[in-house]
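Please model the complete structure; the sequences and the hints are all you need to start from.
Each chain is listed here by its residues.
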Amino acid sequence: MTEISENQYYVPHKAKWPIVACVGLFITVIGASLKFNSLDLEPTTPWLMYLGFAILIVMFFGWFGEVIKESEAKLYNKHVDASFRAGMIWFIFSEVMFFAAFFGALFYARTFAVPWLGGEGTNLATNVQLWSGYEPVWPTNGPADLNGRFETISAFALPLVNTLLLLTSSVTITIAHHALLANDRKKTIIWMIATVLLGATFLFYQVEEYIEAYQHLNLTLESGIYGATFFMLTGFHGLHVTLGTIMLIVITIRLIKGHFKADNHFGFEAVAWYWHFVDVVWLGLFIFVYVL
Amino acid sequence: MMKKQTKRGLLVSSLLMSSVASAEYGLNLPKGVSDYSGQVYDMHMMVLWICVIIGIGVFGAMFYSIFAHRKSKGIEPAKFSHSTTVEIIWTAIPVLILIAIALPATKGMMQMDSPRDAQGEPVTMDMTVKITGYQWKWRYDYLDEGFGFLSTLTADSNIARQKGSGIDVNTVDNYLLDVDNPLVIPANTNIRFLLTSDDVIHSWWVPEFGWKRDAIPGFINEAWTNVKKPGTYRGQCAELCGKDHGYMPIVVEVLSPSDYDAWLAEQNGESVADQSASADESVAVETAQVSGSDNTPDEGQQDNAQDEKVMAETGADEANAEASDQQAEEMTADDQASQSEGGWSMEKLMARGEEVYNIQCLACHKMDGSGMPPAFPSLIDSQVVSGDVAKHIDVVVNGVSGTAMAPFGSMLPAEDVAAVITYTRNSFGHDTGDRVQPADIEAVLQ
Amino acid sequence: MSHDITHDELSHDHDHKPKGFVNRWLLTTNHKDIGTMYLVFALAMFILGGSMAMVIRLELFQPGLQFVEPFFFNQMTTMHALFMIFGAVMPAFVGLANWMIPIMIGAPDMALPRLNNFSFWLLPFAFVLLAATFFIPGGAPAGGWTMYPPLVLQGGQNVAFLVFAVHLMGISSILGAINIIATIVNMRAPNVGYLNMPMFVWTWLITAFLLILVMPVLAGAVTMLLTDRYFGTSFFNAAGGGDPVMFQHIFWFFGHPEVYIMILPSFGIVSEIIPTFARKRLFGYVSMVYATAAIAFLSFIVWAHHMFSVGMPLGGQLYFMYATMLIAVPTGVKVFNWLATMWRGAMTFETPMLFSIAFVALFTVGGFSGVMMALAPVDLQYHDTYFIVAHFHYVLVPGSVFAIIAAAYYWLPKWTGHMYNERLGKIHFWWSAISVNVLFFPQHFLGLAGMPRRIPDYSTQFAEFNMWSSIGGFAFGLAQVFFVYIVIKTVRGGQKATAQVWDEAKGLEWTIPSPAPHHTFDDYKPVDLSKMAHGDNH
Ligand code: HEA
Ligand code: HEA
Ligand code: CUA
Ligand SMILES: [Cu+2]
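Residue numbers (the numbering used here), protein chains in the order written: chain A, 1 to 292; chain B, 1 to 446; chain Z, 1 to 538.
FYI, nobody ran anything at the bench for these hints, they're computed from the structure. Every residue gets a Cβ at the ideal spot worked out from N, C-alpha and C, and that includes glycine. Do not rely on the hints blindly, as some may be mistaken.
[To be verified] The calculated BS3-like cross-link candidates involving lysine-lysine, where the alpha carbons are at most 30 angstroms apart (straight line), are: (1) B/K107 to B/K130; (2) Z/K489 to Z/K426; (3) Z/K19 to B/K73; (4) A/K74 to Z/K489; (5) B/K79 to Z/K19.
[As the list claims (entries may be wrong)] Stretch-level coverage of chain Z by chain B, calculated; a stretch enters the list once three of its residues show a Cβ under 8 angstroms from a Cβ in chain B: (6) 269 to 283; (7) 371 to 381.
[Claimed, not checked] Partial list, derived from the structure: chain A residues whose beta carbon lies under 8 angstroms from chain Z: (8) A15; (9) F26; (10) S83; (11) V114; (12) T140.
In structure tokens, the structure reads:
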């Protein structure tokens with residue numbers, strides 16, 4: 001294989017994985033649609049969705065495998081590396097905007113919708129005519145008391161622990177990065193493993209929290225606007241932590257395999273950025289969902 | 001004397017309305033019939049003219065250069081490619097123009113939000129009407145008076161509008177813009193509207209009033225008007241609300257305050273017997289007369305009753321009034337017959353049922369009951385219609401939650417519900433012979 | 001799986017196209033081929049979306065229901081808009097970006113070629129998913145392209161399909177935008193500075209930022225619809241403390257920037273074409289860049305002008321009114337700059353120029369009605385009437401679509417190596433320009449006279465203008481069939497195009513042969529700045 005010089009730009013000639021990804025996504029969403037629609041009637045097993053997931057998993061391994069191979073074959077020069085960086089930064093930015101939509105919903109509900117339903121300001125008529133007796137206090141499951149009384153997760157129990165876990169993990173991954181820059185491979189791997197464990201523990205507690213909410217607090221997705229914002233925000237965050245943890249594991253394995261150099265480790269950095277992003281979102285969640 | 005004039009005015013205007021309505025032609029926003037709508041119209045004209053003038057400038061420059069600066073005239077292209085001065089000028093001038101437009105608009109907006117009179121004092125509202133949107137009808141509740149009614153597209157439009165109805169819609173008076181029970185309000189009165197909805201978002205719009213406001217389920221929006229000129233004003237639902245969004249007209253009948261009082265008195269009399277007011281005008285007149293003579297026959301009240309009679313005869317919709325007159329006669333005959341039977345007769349139920357069906361149900365279940373499966377089931381081969389009466393009553397009275405089938409028990413008077421159930425059970429190929437009585441419905445409603 | 005990297009892949013062999021359909025199109029990473037696929041896809045969706053518009057205009061030809069049921073009519077309205085916006089206009093712009101941006105800035109390809117293939121191929125899948133709803137029980141989405149709850153949630157089974165289709169389109173747009181940003185930021189030839197870039201590249205750079213900022217927000221909004229519909233959440237349900245109006249805020253936070261996503265690249269196209277045919281430099285290049293950025297910035301803070309009737313507090317209404325009016329200022333700067341570019345130029349009027357001039361004129365008409373609607377109290381009259389329909393079709397059809405058509409005529413010779421037939425092009429122009437006005441101008445009057453939008457049938461006083469509008473619609477539709485004919489004819493053959501194509505056109509794309517070879521600018525090395533329109537801007 002030829003190495004690529006600084007004034008060339010590597011363009012793969014054929015890409016079969018994108019089309020596999022499309023097919024995988026397509027099958028997944030059709031499966032999901034059929035599954036969701038069956039909820040109204042009699043729930044079915046979403047075989048098609050699982051098939052789609054399977055294709056997607058194969059695709060991820062295939063696509064990234066190819067990229068890793070090309071990377072190890074030194075086909076990516078600084079120029080390509082810069083493209084990857086720009087790509088990752090703006091991808092994370094788009095994720096931030098996705099969360100922004102849900103945070104926006106939370107703020108809107110708290111500052112506009114709920115007070116309006118409670119008849120605050122000039123909106124007395126809504127309360128008197130439609131929802132008399134409703135007190136607009138947060139948390140709320142709405143004037144119709146959807147899904148019945150519920151309690152919330154206290155911020156300074158598990159969530160605080162989780163906050164500390166994620167913050168620590170951000171530190172550990174940074175230590176790992178510095179170790180990598182210093183070419184200390186063993187130290188890097190150890191700190192990466194620590195990061196993975198912290199992430200996994202976070203996930204474990206998050207699941208605990210959900211079980212607690214559903215089984216003991218009667219706090220569910222159906223608990224009005226509080227339940228909706230709570231579970232959608234923490235749920236999507238949890239999903240991102242899950243993906244992040246998988247990515248951390250992959251990176252750790254690659255480190256063990258001897259990939260990444262002090263001066264060439266974009267894959268590592270991309271995952272680190274992603275992890276920091278997940279961390280920052282959590283801080284927002286902790287403050288706006290749990291504490292306030 | 002005054003009174004006579006108003007009456008004549010009403011008569012003339014309503015005649016005009018009915019004959020010219022479908023030919024009335026607009027190219028522009030209406031000036032409207034309130035001070036506020038006039039302001040809106042002025043603002044519209046102002047900004048329109050400003051745009052026209054800027055447009056003349058822009059297009060003028062453009063056409064001049066197209067004409068003069070073309071290669072075929074042997075022009076050598078100039079070399080300039082920027083000029084800070086010009087650029088500042090054409091940034092600044094639009095800013096100034098926009099500020100000039102924004103000033104009156106700000107005033108207008110404040111007026112809509114919290115009206116003030118000429119002295120700058122806040123205006124107090126004289127009465128409140130609550131407007132509720134349903135798929136696809138309106139409900140008007142006179143909150144101060146404690147009564148209300150539904151308002152739905154009239155049957156003649158509703159039948160003519162069906163695909164393949166074979167009716168030339170040009171022959172239908174006020175095609176798609178007429179309702180069975182218009183909202184009636186007094187002129188020269190500050191009226192507050194509270195808008196909400198029972199299902200999806202609708203929007204209540206009468207162009208002559210100068211605004212529209214969304215009716216949002218679970219929330220109440222406020223708006224107000226003060227109409228200067230009695231008359232009949234028409235509008236339509238302005239927010240997509242499902243398949244019959246186009247068939248949700250609004251008709252507002254603005255009466256002089258005294259006529260309005262008369263109308264109100266009659267409604268109050270009637271509302272004892274019939275909350276719905278879906279009964280026709282002439283029946284109402286009878287009720288009013290009866291109650292007038294039962295009570296101390298004071299002059300004012302008799303006057304009112306007579307007013308009503310005039311109104312009924314010259315009502316906005318001549319044809320409609322006639323039809324309902326006839327029906328009223330039939331019904332009185334029926335009433336006598338059914339008195340002895342101890343219930344409504346089959347004929348009476350069927351006649352009323354068909355009428356109700358063609359207004360309330362036809363939108364979803366179609367005129368011939370065939371519906372639009374799967375979303376809207378056919379009543380022709382429906383198990384519910386041919387089966388157990390109790391189940392049928394339950395479906396119509398309580399609706400089917402989570403579907404478009406609404407709880408008609410809370411929307412229509414018991415007689416109507418009984419009639420329409422009877423009608424469906426004996427039409428579209430069904431002949432169960434069942435006769436559902438208003439009392440049966442009331443029993444379920446308890 | 002491990003494909004050996006042969007000499008081929010780095011070859012300088014300029015016209016080495018992969019053989020066979022699968023290799024050439026399905027697996028391609030070549031920006032030109034992907035650009036071509038985007039453009040063909042957009043044309044196909046334009047025809048589909050246009051056919052739905054024809055159904056709409058057919059039913060509205062006269063009062064009374066003649067052809068379709070109201071419910072189906074609403075499906076047509078909804079799908080027409082979704083197909084046109086997400087299927088025709090946006091992909092057409094991305095296609096143009098793919099084709100032109102790399103060769104305009106001296107880059108060998110897009111920065112992330114694999115991702116580029118993915119961005120494109122997601123689209124056909126997304127639209128198959130969306131179109132499939134026509135065949136499921138309950139039919140296609142019929143709640144308007146704005147998808148307002150609670151109405152859209154009554155859509156039965158189509159909700160999931162609609163939401164996932166929007167997700168796929170969103171992913172496609174986001175990845176496409178990321179690619180464009182990475183390309184522009186990272187792939188410019190070493191001596192091409194930001195202020196040397198062609199205007200089209202600038203407008204796309206800014207558009208790509210808009211896309212990344214708002215497409216995820218749309219994805220979030222429709223996700224909330226999904227959970228409200230299937231999982232019992234109460235985002236948009238007052239009984240649970242939510243608010244249907246909240247959806248509108250989130251939607252329009254996406255939706256307003258979205259409409260600028262559909263116009264900024266047009267501004268770029270027109271800024272390329274007018275200087276070429278006026279044989280004069282673009283007037284006020286730098287202020288054009290600033291104006292574009294200003295429009296983009298303002299587009300984020302004006303969304304609620306679509307919602308004046310929902311009952312916002314007074315302060316909110318006033319704020320959104322002022323902010324919206326401000327957009328007229330930078331847009332005005334652009335219009336005036338185009339006029340100044342034409343002023344004292346030596347103009348010729350080939351088809352791309354004709355469409356560009358029509359763009360400037362008719363977009364301005366649409367802009368004026370936009371400013372009228374920005375006035376909140378008056379908008380309470382205009383809102384949800386045909387006045388709005390007239391407004392947005394003026395900015396979208398003789399706006400975005402004309403610009404795309406202009407771009408197609410302008411660059412077709414570069415793409416195909418053949419000149420289009422100028423006479424046919426001129427016929428197409430006059431036919432389109434006249435009929436589009438017959439189609440949309442009367443809608444202003446309909447709106448003012450009180451005709452609401454999204455209705456399948458109307459009261460008889462609206463009959464005459466609707467008939468005109470429909471006649472214009474059919475004529476305009478046929479004109480576009482003619483356009484398809486012209487394009488196919490040009491692809492098949494015609495007078496050979498030179499590299500320069502247009503006398504005085506400036507830009508790197510005119511330095512390479514026509515048709516453009518499969519690979520251009522393989523080596524990362526300086527380009528000849530004097531060939532660029534703004535090569536001396538520093
Ligand atoms: C390409 C798409 C596009 C573009 C560019 C615009 C541009 C503008 N739009 Fe439009 N708009 C839409 C697409 C677009 N719009 C769509 C699709 C909808 C409906 C969505 C739906 O409900 O389905 C809509 C709806 C819409 C509304 C909501 C109406 C309602 O539903 O009630 C409003 C209200 O303010 C508005 C305003 C504007 C303004 C002020 C501009 C401005 O950017 C225009 C600026 C341009 C000019 C003003 C002309 C040139 C300027 C000069 C010559 C300078 C001098 C001028 C002055 C000083 C006036 N638009
Ligand atoms: C980029 C966007 C875009 C484009 C290009 C168009 C193009 C057209 N639009 Fe569209 N339209 C919207 C975006 C767009 N529209 C949006 C956002 C809405 C609002 C939806 C909503 O309310 O939710 C809307 C709504 C809308 C309505 C209002 C519907 C309603 O409120 O009920 C109407 C009615 O006339 C209409 C007509 C047309 C017509 C005639 C064209 C024409 O320009 C189309 C011309 C193209 C063709 C016709 C295709 C090519 C030719 C053929 C396929 C051959 C067949 C031809 C013949 C038989 C003549 N559109
Ligand atoms: Cu109700 Cu539209
Ligand atoms: Cu907008």
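Hints and how they fare:
no., hint, verdict
1, B/K107 to B/K130, "holds, 26 angstroms"
2, Z/K489 to Z/K426, "holds, 15 angstroms"
3, Z/K19 to B/K73, "violated, 50 angstroms"
4, A/K74 to Z/K489, "violated, 45 angstroms"
5, B/K79 to Z/K19, "violated, 48 angstroms"
6, 269 to 283, "holds (count 6)"
7, 371 to 381, "holds (count 8)"
8, A15, "holds, 4 angstroms"
9, F26, "holds, 4 angstroms"
10, S83, "holds, 4 angstroms"
11, V114, "holds, 5 angstroms"
12, T140, "holds, 5 angstroms"
The structure fails to meet hints 3, 4, 5 from the earlier list, while all remaining hints are met.
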